[in-house]
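Student: Okay, here's what each chain looks like letter by letter:
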Amino acid sequence: MGMGKYLLIRALNALIVLSIVTLVVSALFVKMAEKDLENRIQELVNSEYQSLVQKGRAPADPEAWREERIAYYRHQFKLDRPYWWRVLYYAKRTITLDFGNTRIPIFGTERNVKNIIALALPRTILLFTTAQIIVIIIGLLLGVKAAQKVGSLFDRALSILALITTSIPMWWFGMMMLLIFAFKLGWFPANSMPDPNLTGLAHVLDVAKRLVLPVTTIVFVLFGGWAWVTRNIMIGTMQEDFIMAARAKGVPERKVIYGHALRAAAPPIVTMTIFSLLGSLGGAIITESVFNWPGMGRVYWIAIQTNEINLVMGLTFISVALYLIGVIIADISYGFLDPRVRVGASAKM
Amino acid sequence: MVRWVDLKDSISNFWFEFKRQKTGILGILLLIFWIVVAISAPYITEPDIPDKWKTIWIDYPKTVPPTWVKFFTGVEEAPHYVIHSDQLQQYITTTSRGVIIDIPYNMKYDVPPQDIVIMDISGNSTNRRLKPSLTLKVKRPDGEEITLVSGLKIKGSTDVQVARDSSVRKAVINWVKQKTGVQLDPTKEFELITTLDTLKVVFAQVSPDMLDNPKPLKGEYHIIIEIKTPKGTSVDLSKTEVIFTGRTYGYLGTDDKGRDLFAGIVWGSRVSLSIGIATAVLTVLVGIFYGVAAAYFGGWTDEIMMRFQEFMASIPSLPILILLGTYFGGHIQLWQIVLLLTVFGWVGIARVARSMAYQIKEQTYVEAAIALGAGTGRIIFKHMVPQLLPYAFAQMALSVPGAVLAEASLSFLGLGDPTQVTWGQILHDAQNAGAAVNGYWWWVIPPGLAIALVALTFVLLGTALDRVLNPRLRRL
Chain A
2 MGMGKYLLIR ALNALIVLSI VTLVVSALFV KMAEKDLENR IQELVNSEYQ SLVQKGRAPA
62 DPEAWREERI AYYRHQFKLD RPYWWRVLYY AKRTITLDFG NTRIPIFGTE RNVKNIIALA
122 LPRTILLFTT AQIIVIIIGL LLGVKAAQKV GSLFDRALSI LALITTSIPM WWFGMMMLLI
182 FAFKLGWFPA NSMPDPNLTG LAHVLDVAKR LVLPVTTIVF VLFGGWAWVT RNIMIGTMQE
242 DFIMAARAKG VPERKVIYGH ALRAAAPPIV TMTIFSLLGS LGGAIITESV FNWPGMGRVY
302 WIAIQTNEIN LVMGLTFISV ALYLIGVIIA DISYGFLDPR VRVGASAKM
Chain B
1012 MVRWVDLKDS ISNFWFEFKR QKTGILGILL LIFWIVVAIS APYITEPDIP DKWKTIWIDY
1072 PKTVPPTWVK FFTGVEEAPH YVIHSDQLQQ YITTTSRGVI IDIPYNMKYD VPPQDIVIMD
1132 ISGNSTNRRL KPSLTLKVKR PDGEEITLVS GLKIKGSTDV QVARDSSVRK AVINWVKQKT
1192 GVQLDPTKEF ELITTLDTLK VVFAQVSPDM LDNPKPLKGE YHIIIEIKTP KGTSVDLSKT
1252 EVIFTGRTYG YLGTDDKGRD LFAGIVWGSR VSLSIGIATA VLTVLVGIFY GVAAAYFGGW
1312 TDEIMMRFQE FMASIPSLPI LILLGTYFGG HIQLWQIVLL LTVFGWVGIA RVARSMAYQI
1372 KEQTYVEAAI ALGAGTGRII FKHMVPQLLP YAFAQMALSV PGAVLAEASL SFLGLGDPTQ
1432 VTWGQILHDA QNAGAAVNGY WWWVIPPGLA IALVALTFVL LGTALDRVLN PRLRRL
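Residue numbers (this note's numbering), protein chains in the order written: chain A, 2 to 350; chain B, 1012 to 1487.
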C-alpha cells in the first residue's frame, strides 16, 4: 500500500472517530444542560416581569404573557426541538468549528469560545510542554545511564525513585509544593495568574517565576517513569547482535550507546514522546486547578462547573482532534524510524 | 482438567521465584499492612466513623496538629481533656435556687485549651415562659473573675461551645477593657469579635497587650457553671460532660470540623483498597477478553472491534468522568466509579492482549484444535486465555495504582461518594479550607502519603509479578 493511500485511510478513520466522539459528548451534554436552561428561562421571564411591573406596564393577563415569553425563549434556546435534533445540531456546529459564545465571560471579558481556547492553549503548552521536554531530557539521560550499569547502586536507586514518584498523585505533590515553597518559605507566588500590569521583560520574568512550582511538580512526578522505561528499552537493545558486532569492531562505547543503541531504541521513545506531548495539551485538569494555572484544564473545569455547553464541546473537540492528529504522526514517524515496521499495518499504533 | 498436584507444583515454583524479588516481598508486606488496617478500622477507631464523618464533631478541637508535634516545637500545649459525666457529679452542689458546678482546672501549659464545651445539659420545663438558665464564670489564680456566659436559656438538650461564640468574645473584650483601660478603635474591636482566640485571653496574664499578645497565666483555675432552676423547671446533668478541647489531638490532628484525621485515614484505606482492586480486576478481565476475541475472530470483526477500541482510547477520560459525575447529580457512588473507571480503563490492555493473542493463535496446537473442530468458547477459554493469565495477573496489580489515583482525583474534585470516608475527600476538604495557605500540614501530608503508599504497594507487587510471570522480561 502506498504512503498516500495509507495516510488518506488514517485521516478518514480519525475523522470518523472524531465525529463519533463529538456526537457522544454532544448527546451527554445536551441532556445535562436541559434542566439548567429551563431554570434560566424561568429566571429570565421572572426578571422581565418584575421590570415590567416596575415600569407600570404589567401585562393584563400575566399567565398568557408568561406562557408566550417562555415559548419565545424555548424557541431561542432550541428547547422546542426534539432531543436528537439538538444533539445533531450541536455536534454539527462543533464539527464545522462554530463553537459560539459562552454565557459568562471567562478570563475577564472573553466570551468567544475560539478566543478562549486560543488564550488557554498556549498557556497549557507553555506549562506542560516545557515540563514534558525537561522530563524527557532528564528521563532519557538517566535511563541510558542506568542501562549502562544494570544492577549498580545508581540503577537500583533510580528504579526505586521511579516506583515511588509514579505512585504520587501529581496534584497532591503540587499542594505540598505550594505549602512549602509558596506559603511557608514565600519564595514563589501561590497564584499562577500572570500580573496584567507587567509588560515586556518584567512580564516574562513574572510568568517564569509562576512557572517554577508547577513545572517542578510535573517534572518530579513524571521523570522517574520515563527513566525507567528508557532503561528497560535500552537494556533490550543492548543485548541485540548488532551491538555486539559494533563492540567487536572496536567502536567506542559512547558511540555504541548513543549512536547505535539509542537510534535503534528511538521508535518507541519517539512514539512515547509524541503521545506525552499531546497528552499534555489537554492539560491536567486537577493540577492546573491546584496551581490556578489559567490553561485548558482549568478552563475545562470552569466550563463543566458553570454548565457552559459551547465551551465544553469546543474544548473536547480540540483535545480529541489533537490526540488523533498525534496518533497519525506517531504512526508515520514509527514507519520512518524503524524500517522493519511496515507502514501499511494499521493495527500498529 | 487441572490436576491438584500440578497446581501445587506451579504455585511452589512461582513462590520460589517470587521470593527472590526483594521489591515483591516489600510489596506483600505493605499489602498485608493495608489489609490489616482496612479490616481492623472499626476496632482501631470507632465503628460509626462513616456516619459520624458527615457531622461536625463539636466536642473535638478544630484544626489542631497531632500531639507529637510538641517533641519538635518544645511548646507544651494543652491536651484534650474530657470530664466524663460520672466524674463531673463530684463537682456538683445543689442549692435551693439551682445547681452550681465548680470544676477545678490546673492550667500548667504554655498554650491554654482551644475551647470549653459543655455537652448534653438537659433542661425540662413545665412552665412555658420559664426555662433553666446557665451562667458560666472563670475564677483565675490571680483572683479575677470573668463571666463568659450569662443567663443562657436551656431548652431541651443543649450543648455550649464557649470559644466559638461571638457574645462570649464581646464579654471577654469588655472585661479586658475594664481591667487594663486600653482603648480599641471600632474596626479593631469588630475584627476581634470575629477572630479573637477567646481562651488564650481568658487564661492570660493581665497586661495592656493581652488581646494581641496573650501570655499564659499558669495556675489553678475554677470553671463555675451556675444553673438557675426557677419553679417548675429542672435540669438533668446525668449525661453532661465538660470538655477542655486541646491544642493538639491524636496521632494525626483534626480538621476544621473537629474530625479526627487518624480515624479518617484508617477508614479511607477501605475505599481505596476495594476500589483499586475491584477496578483493576474488572478492567483487566474486560481488556483480555476483548483482545482475545478480536484476535480470534479476526477479519472484519477484528477491524470493527479495533475501531471501537480506538474510539474509546481517543476520548479524554477525566473530563468525561467529571461530566458523568455532574450528570449523576454531583456525586458518583462507589460502584459507579468502579464501572466508569472500567469502561475507560480496558483500552490499553485490550490492544496488548490482542497482539499477544495473535501470536498464540498462530501456534500449531491452536491450529490443531481448530482443525479438530473445537468450539469457539473452548479455544478461547481453554487455549488462549490461560496463556495470557500471567500477563493478566501482573497487569491487574499494575492497574490498581491508576484506579486508586483516579478515585482520589474524582473525590478531590468533590465528585466522590458522600457516604464514604475517602482520602480524596479529605484532601478536597483541605483544599476548600485553604489548608496549604494556613499551613495545616497535618491535613495535607498524611492522606496524600497514604494514597501514594497504596499505589506504591501495588506497583511493587506488579513489577515483581511481571518479572516472575513474564519471563521474557526477567533479564531486565
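Simulated from the structure, these hints should not be mistaken for laboratory data.
Please note: incorrect hints may appear among the correct ones.
Stated by the list, open to error - BS3-like cross-link-like pairs, simulated, lysine-lysine; straight-line CA separation at most 27 Å: (1) B/K1226 - A/K185; (2) A/K185 - B/K1242; (3) B/K1033 - A/K146; (4) B/K1073 - A/K185; (5) B/K1030 - A/K185; (6) A/K150 - B/K1033; (7) B/K1030 - A/K150.
Student: Each hint should be assessed against the structure and marked as holding or not.
Tutor: Checked hints:
A threshold of 27 Å between alpha carbons decides the hint, and for B/K1226 with A/K185 the separation of about 25 Å falls inside it, so the pair holds. With a C-alpha separation of about 58 Å, the suggested pair A/K185 and B/K1242 falls outside the 27 Å cut-off, and the hint is violated. Annotation: proposed proximity of B/K1033 to A/K146 holds, straight-line Cα distance about 23 Å (limit 27 Å). At roughly 21 Å between alpha-carbon atoms, B/K1073 and A/K185 fall within 27 Å of each other, so this suggested pair holds.
Restraint check: the Cα-Cα separation between B/K1030 and A/K185 comes to about 44 Å, which exceeds 27 Å; the hinted pair is violated. For the suggested pair A/K150 and B/K1033, the alpha carbons sit about 19 Å apart, so the restraint of at most 27 Å is met. Annotation: proposed proximity of B/K1030 to A/K150 holds, straight-line Cα distance about 24 Å (limit 27 Å).
Of the numbered hints stated above, those contradicted by the structure are hints 2 and 5, listed in ascending order.
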